[in-house]
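Novice: These protein sequences, in sequence, are chains A, B and C. Numbering-wise, our numbering comes out as the position in the first sequence, counting from 1, plus 21. Numbering-wise, our numbering comes out as the position in the second sequence, counting from 1, plus 1. Numbering-wise, our numbering comes out as the position in the third sequence, counting from 1, plus 91.
Don't read these hints as lab results, they were simulated from the structure. Just so we're clear, the structure is a prediction, and the values are computed from it rather than from any experiment. Among the hints, a few may not be true.
[Said to hold, decoys possible] Straight line, CA to CA, 30 Å or less: simulated DSSO-like cross-link-like pairs of lysine-lysine:
#	chain 1	residue 1	chain 2	residue 2
1	C	565	B	102
2	A	298	A	424
3	C	94	A	212
Residues per chain, in single letters:
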Amino acid sequence: MFEPVLLRNVDVPDGHLLSTYQVGGGYQALTKALGEYTPDEIVELVKESNLRGRGGAGFPTGMKWSFVPKAAGKPKYLCCNADEGEPGTFKDRIIMERDPHQLIEGLAVSAYAIGAETAYVYIRGEYVTAIRRMEQAIAQAHENGYLGTGILGSNFKFMVHIHRGAGAYICGEETAMLESLEGKRAQPRLKPPFPAVAGLYASPTVINNVETLACVPHIVMRGSAWFRGIGPDRSPGPKLYCVSGQVRKPGLYELPMGISLRELVEEYAGGPLPGRKIKAVIPGGVSAPVIPESDLEVGMDFDSLAAAGSMLGSAGVVVIDDSTCMVKIATRIIEFFHHESCGKCTPCREGLNWTVKVLRRIEAGEGETGDLEQLEMLCKGIFGNTFCALGDGAAMGLRAALKHFREEFVAHIEERRCPFH
Amino acid sequence: MTMREEIEAAAARYPDRRSAIMPALMIAQKEHGHLPGPVLEDVAEILGVERVWVYELVTFYTLFHTEPIGRFHLQLCDNVSCMLCGSEALLKHLETTLRIKKGETTADGVFTLSTVECLGACEMAPVMQVGDDYHGNLDNARLDALLESFRAAERVASVERAHPPSPGE
Amino acid sequence: MVKVTIDEQTLEVEAGSTVLAAAERLGIEIPTFCYWKRLPPLASCRMCLVEIEGLRRLQPACATVAADGMAVRTNTPLIEETRASMLDMLLANHPLDCPICDKGGECELQDMVMAYGPGESRFRDPKRVFHSKDIRLSPVIIMNVNRCIQCQRCVRMCEEVVGAVALGTVEKGMDTAVTGFEGSLASCDQCGNCIEVCPVGALMSFPYRYRARPWDLAETDTICPHCGTGCQLTVGARKGEFMRVRSDWEHGVNCETLCVRGRFGLDFIEGRDRIKRPMIRRDGALTPVSWEEAGEFLRQRLAAVEGRAAGGLISPRLPNEVLYQFQKLMRTVFRTNNVDCSSRWSTPLDILAPLVASFYSRGALEQVIGNDCVLVVGGNVTEENPVTEYLLRDAARRRDTGLLMLSARPSRLDADARAVLRVQPGGEAQSLAAVVAALAAVADEGLPGDIPAKTPSSAAGANDALDRLVVMLKEGRNVTVLANVDLLRSPLAREMLQQLGNLLQLLRLLGKEPSMQFLFDRANQMGAWDMGVLPGVLPGLGPVADEATRTKFERSWGAEIPCKPGADVDAMLELCENGRMGVLYVVGSDPMMSYPDREFVERALGAASLLIVQEAFFTDTAGLADVVLPAAGYGEESGTFTNNEGRIQALRKFREPPFDARSNLAIFDFIAALREQPLQLSASAAVFDEITRLVSAYEGLTWEGLGGDGAFTRSAPRPWAGAPFAPPPPTRVTDVLQLITGNCLFHNGYVSERSQTLNSVADDPFIEMSARDAARLSLSDGDQVLVRSARGELTAKLKVNKRFPDGLVFVPENYRALRLNSLMRRGEYPCPVEIRACAKAASALEEDRV
Ligand SMILES: Cc1cc2nc3c(=O)[nH]c(=O)nc-3n(C[C@H](O)[C@H](O)[C@H](O)COP(=O)(O)O)c2cc1C
Ligand code: SF4
Ligand code: FES
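Construct all of the structure, not just a fragment, from the sequences and the given hints.
Specialist: Shown next, in the form of structure tokens:
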């Protein structure tokens with residue numbers, strides 16, 4: 022049995038209180054970092070650990086930090102991406118609700134590493150409990166000298182602020198999040214310049230996911246070799262998997278990176294509902310292309326999933342069984358992306374609108390021959406041509422559904438009805 | 002704290018007052034229930050920012066309402082995980098019980114029914130958010146019980162609204 | 092420099108250039124929608140996607156910086172397919188109502204679909220419809236949301252260039268729509284630049300709506316008649332009837348931008364008070380007559396005043412050729428140097444002429460403000476020279492120019508400035524002196540010899556803004572000073588120009604290569620000076636007292652020129668009042684409306700033996716005339732204007748003078764002939780040639796050479812002689828409210844009030860003051876208030892301006908009904924006033940109290 026690291030306090034009563042966190046060795050990593058390491062050494066340590074971002078893209082965290090210019094001048098910012106909008110994902114909420122100090126300690130150590138004095142935690146607006154718990158925890162940490170000026174007797178100065186989102190999936194995209202933090206409509210920004218050079222208020226900014234930051238104190242405490250020893254070397258570490266959908270034991274599981282999808286779904290999450298067979302699994306939130314049952318041996322890490330034509334994304338594992346119509350799933354997913362498109366670029370805004378119209382038609386049994394070619398044409402027009410990755414995620418997902426479950430689409434068109442009804 | 006003071010406190014967290022438009026709108030919405038034009042003008046005025054910036058945000062983000070909504074906003078998730086766990090049937094049940102369609106408010110102004118995108122609580126799908134709280138693992142019976150508890154709370158609140166406690170009490 | 096290869100052609104471009112710019116240099120066309128030259132790239136329309144070797148994805152050419160060795164392809168099948176696909180998607184929800192769309196025939200989407208579109212759209216679902224009706228966002232702007240393709244040019248223009256932040260974008264995704272706060276543009280500048288940059292028929296001009304199809308319009312490129320920025324514009328007319336104005340991103344100081352006056356304020360030419368026929372005063376009343384009768388009348392009256400003093404006053408809104416010919420007429424036919432070109436102030440020529448000769452930079456504003464430090468003195472650029480302001484904002488925001496403001500009146504541009512020095516109304520001269528003293532003090536070692544010691548110290552106290560401003564000036568590599576010409580209203584105008592001279596000279600000594608330009612509020616004020624429409628100088632600003640200068644003109648004109656400097660406007664009016672003026676000849680000018688002390692002006696004009704008024708419109712001054720001659724108006728006479736930059740541009744007529752009106756030049760001929768002393772060369776082109784021969788700054792220019800962008804007159808900077816001037820006497824600080832005036836955004840001078848469109852967007856006549864002063868006087872925004880000076884009173888609506896300093900009151904000079912000049916006293920500015928609630932409102936208040 023894998024010993025939980027990130028979730029170790031989650032089921033402890035009052036896990037969200039400072040006292041509980043301290044009992045479990047809380048804020049020792051911050052003490053150690055401030056006492057024993059220079060900021061550059063922390064960056065090195067995180068680089069060596071091969072920690073890759075848990076927000077979706079899997080970018081090496083230490084490398085991202087090292088892009089922040091060393092020179093003094095403009096203030097530097099740390100932003101924590103707690104927007105968690107990817108359907109099928111709920112890991113960050115659970116960390117913030119049940120073990121907020123773990124994140125605050127992660128923020129403090131990371132801010133020390135990159136030279137930031139201010140962090141904004143961008144929490145989606147619906148997460149009211151998480152916001153309250155985080156606010157309480159920040160206040161407690163501040164009172165106890167883990168935040169503020171002269172932290173733990175050092176000359177490190179650091180404050181965390183919560184920025185509450187207001188309901189827009191696109192705010193999870195890091196540059197859109199910066200726009201939102203600056204009080205603008207959340208639309209992605211052009212890159213370059215990259216946020217590490219000119220991000221929030223045009224200052225150097227690092228954006229990391231909640232889970233990514235939560236890993237940092239553990240790396241400081243236990244070393245980079247320990248971290249790299251868990252799972253595949255190029256994509257290592259303990260990992261939170263959010264399992265939901267048509268499965269016996271939905272929930273949040275902490276397991277090593279690289280565990281097979283089949284093992285996760287069938288053993289840990291209890292397999293399909295009684296009398297049902299798994300048809301497909303979405304491995305990383307709805308932006309990740311669906312994987313048919315036959316391919317469930319794939320390892321749950323960035324590289325293996327990419328090789329299998331999907332992605333780890335946010336590790337939102339959605340299980341779909343044989344009672345469910347894939348056309349309906351595809352339609353619902355494209356409706357989601359259409360609803361959440363920020364509206365900035367043509368292919369995403371207009372292309373998804375068109376795609377939704379075609380899919381709804383097919384689902385309603387009003388599709389025509391040529392509609393699948395039209396969908397493929399639309400995917401081609403959207404994929405790779407949108408401003409940010411939202412449109413890509415939509416097109417990739419639809420392509421995978423068309424590829425693996427084409428017969429279901431064809432049946433809808435030929436029978437002029439949904440065969441599942 | 003007055004609304005102005007709360008907004009000022011929020012603004013102090015940022016180097017640029019424009020950043021405080023979102024928190025200010027949250028504060029104003031809590032105060033007024035929704036965000037009509039004059040409230041938006043107030044927010045712009047307090048922060049000293051362009052009015053159209055405030056207007057842009059209030060329309061971009063789904064948690065802000067420019068129109069009044071029911072006292073209990075039932076926000077049922079209909080994204081994939083919840084759909085796989087039966088949220089469609091729940092929506093039908095709510096629509097029949099409340100005799101409104103999604104997007105509508107009951108005539109007594111108590112309930113507004115909406116479907117929303119993934120609430121980030123798929124482990125307890127199907128889920129519904131009402132006010133600040135999440136309610137998970139829903140079925141028709143649980144929904145009925147929830148609605149009853151909201152109605153009861155509303156009865157208490159309406160009595161209080163009719164007879165506000167005197168300052169001396 | 093970096094080397095890039097595009098479609099197998101290689102070229103070198105400057106580091107930082109985009110692929111789009113590089114392709115343009117090679118003549119390779121890449122389609123774009125959201126790209127707009129003046130704006131930072133958005134890269135949202137995805138029309139300009141290109142292939143870049145080594146990159147998996149297509150990249151937007153508009154936002155991709157060319158890197159050394161980059162190989163780009165713009166013409167592959169994939170790109171063709173992608174462009175067609177983007178257009179197909181844009182068309183999916185586009186209404187395709189081209190036949191009834193105002194943009195039909197000049198629509199970028201239409202053109203793009205023709206060039207790059209898919210053969211046939213495969214979209215067959217119902218289209219989105221936002222609103223079935225168009226939305227009237229303002230009196231001049233109307234929006235069809237369905238046609239919008241979300242390029243965001245309009246919104247970016249409004250915020251980044253105009254600085255108005257009136258337009259915004261609401262909702263998201265497919266519901267995204269451009270609009271104003273709560274669906275209205277009530278508080279916008281109404282400049283219509285959003286309409287100009289809209290590629291489709293989404294944002295449209297309401298006044299032009301459904302009035303014509305583009306191919307039915309005769310279009311004429313000309314210059315805006317309003318302020319001295321001198322924007323290029325294109326007038327569309329149908330059979331001589333004015334229809335609309337466009338601007339062109341390729342031409343002029345303004346490129347695609349205009350302000351509300353330029354875009355919507357040209358319909359003043361259709362004003363109802365046009366003078367149709369000549370008029371003469373008979374039995375006390377003005378009576379319409381024929382030109383012959385008027386001529387006969389004039390011949391007799393002129394003969395009667397032969398030998399007595401004469402004077403001429405002409406408007407700086409008239410073309411150079413008219414202005415030049417007028418002073419020549421006055422100097423040679425009327426044998427007088429009594430000529431002036433402003434009806435609002437007298438110019439202290441002794442200091443002005445050397446200042447212009449030493450420091451005036453005749454060069455593109457774009458370049459002049461590219462200097463890393465720009466000091467704007469006086470006025471309110473935002474309202475008086477809006478398009479100049481756009482350029483200044485751009486410089487401050489995108490070119491890192493340090494913008495410094497020194498003025499009594501606050502402006503929107505202050506927000507982009509690094510230092511704002513708010514001065515006492517009328518205290519500009521003193522503040523400039525303080526700047527000079529402080530700069531000399533901090534720049535001590537940078538100065539040769541005993542300059543610092545010789546620079547008089549200033550009485551004005553130091554403050555933070557002054558310090559910051561001075562540090563910026565000291566640290567700037569090159570400094571530009573832009574001076575609002577409104578400062579010339581002040582009795583301290585001479586001192587102001589002296590201190591400006593001190594400052595510029597100091598900057599020159601510090602190696603800052605200072606450039607100076609005036610911010611004129613009249614279209615051809617610079618030309619009027621250059622043409623010598625001043626009592627003490629001849630064309631080219633050479634002193635009339637200087638024999639060599641005079642001889643040059645005498646020889647060319649074949650007539651003698653009086654050697655003594657003449658009377659300026661003030662002195663001429665005084666001559667009139669004293670009964671010593673034989674004939675006063677007023678062309679296009681209305682001192683009754685604009686010269687301080689209306690009563691005095693009325694008395695003076697009434698006392699002139701013969702008052703000739705040559706005008707397009709019936710002004711108050713015309714009402715006092717003995718003879719009124721109907722002249723061509725704007726758009727009815729060709730010529731040239733010289734703008735603030737010293738750029739000379741072609742003013743082209745787009746119709747003939749209506750009724751019995753004649754061109755101004757023809758009327759001068761007519762007058763000269765009455766004195767049996769014909770002027771030579773009265774055709775506009777010939778006058779222009781003469782100017783280019785005799786005025787050195789204009790030498791060598793040709794009409795053909797003016798092209799679409801005009802040509803620059805030349806400056807040959809002369810050294811600035813003499814010791815620094817002493818600072819002006821300290822202004823007395825009083826707690827009396829001080830009234831200043833100037834132009835408001837929606838009007839220019841007092842002719843624009845004839846524009847119906849401007850009147851529909853402009854505020855009612857108003858009085859602006861600070862929130863504190865208003866509160867002190869128990870007044871609130873929108874109250875009807877009474878302004879009283881020692882001379883008179885007026886009432887108007889109060890506008891409380893939070894940015895206003897205490898003690899300052901501003902009343903725009905543009906509202907004829909206010910008769911603002913009846914409050915003013917000659918030689919006194921700012922004007923001390925008292926303000927209180929209007930009698931009516933006050934009595935209502937009393938009743939309330941009872
Ligand atoms: C459309 C879109 C939505 C995203 N949503 C989230 C999100 O909800 N949470 C998150 O952490 N990252 C999200 N990301 C990824 C972020 O852009 C970014 O890569 C991440 O926050 C970086 O943190 P990390 O390096 O720690 O993963 C999203 C990306 C895209 C394109
Ligand atoms: S013009 Fe260019 S590139 Fe531009 S989006 Fe439009 S995107 Fe581009
Ligand atoms: S995600 Fe916004 S348009 Fe692409």
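Novice: Decide, hint by hint, whether the structure agrees.
Specialist: Right, here's what the structure says about each hint:
1. For the hint linking residue 565 of chain C to residue 102 of chain B, the alpha-carbon distance of about 69 Å lies beyond 30 Å, and the restraint is violated.
2. For the hint linking residue 298 of chain A to residue 424 of chain A, the alpha-carbon distance of about 20 Å falls within 30 Å, and the restraint holds.
3. Distance check on the hinted pair: residue 94 of chain C and residue 212 of chain A sit about 22 Å apart at the alpha-carbon level, within 30 Å; holds.
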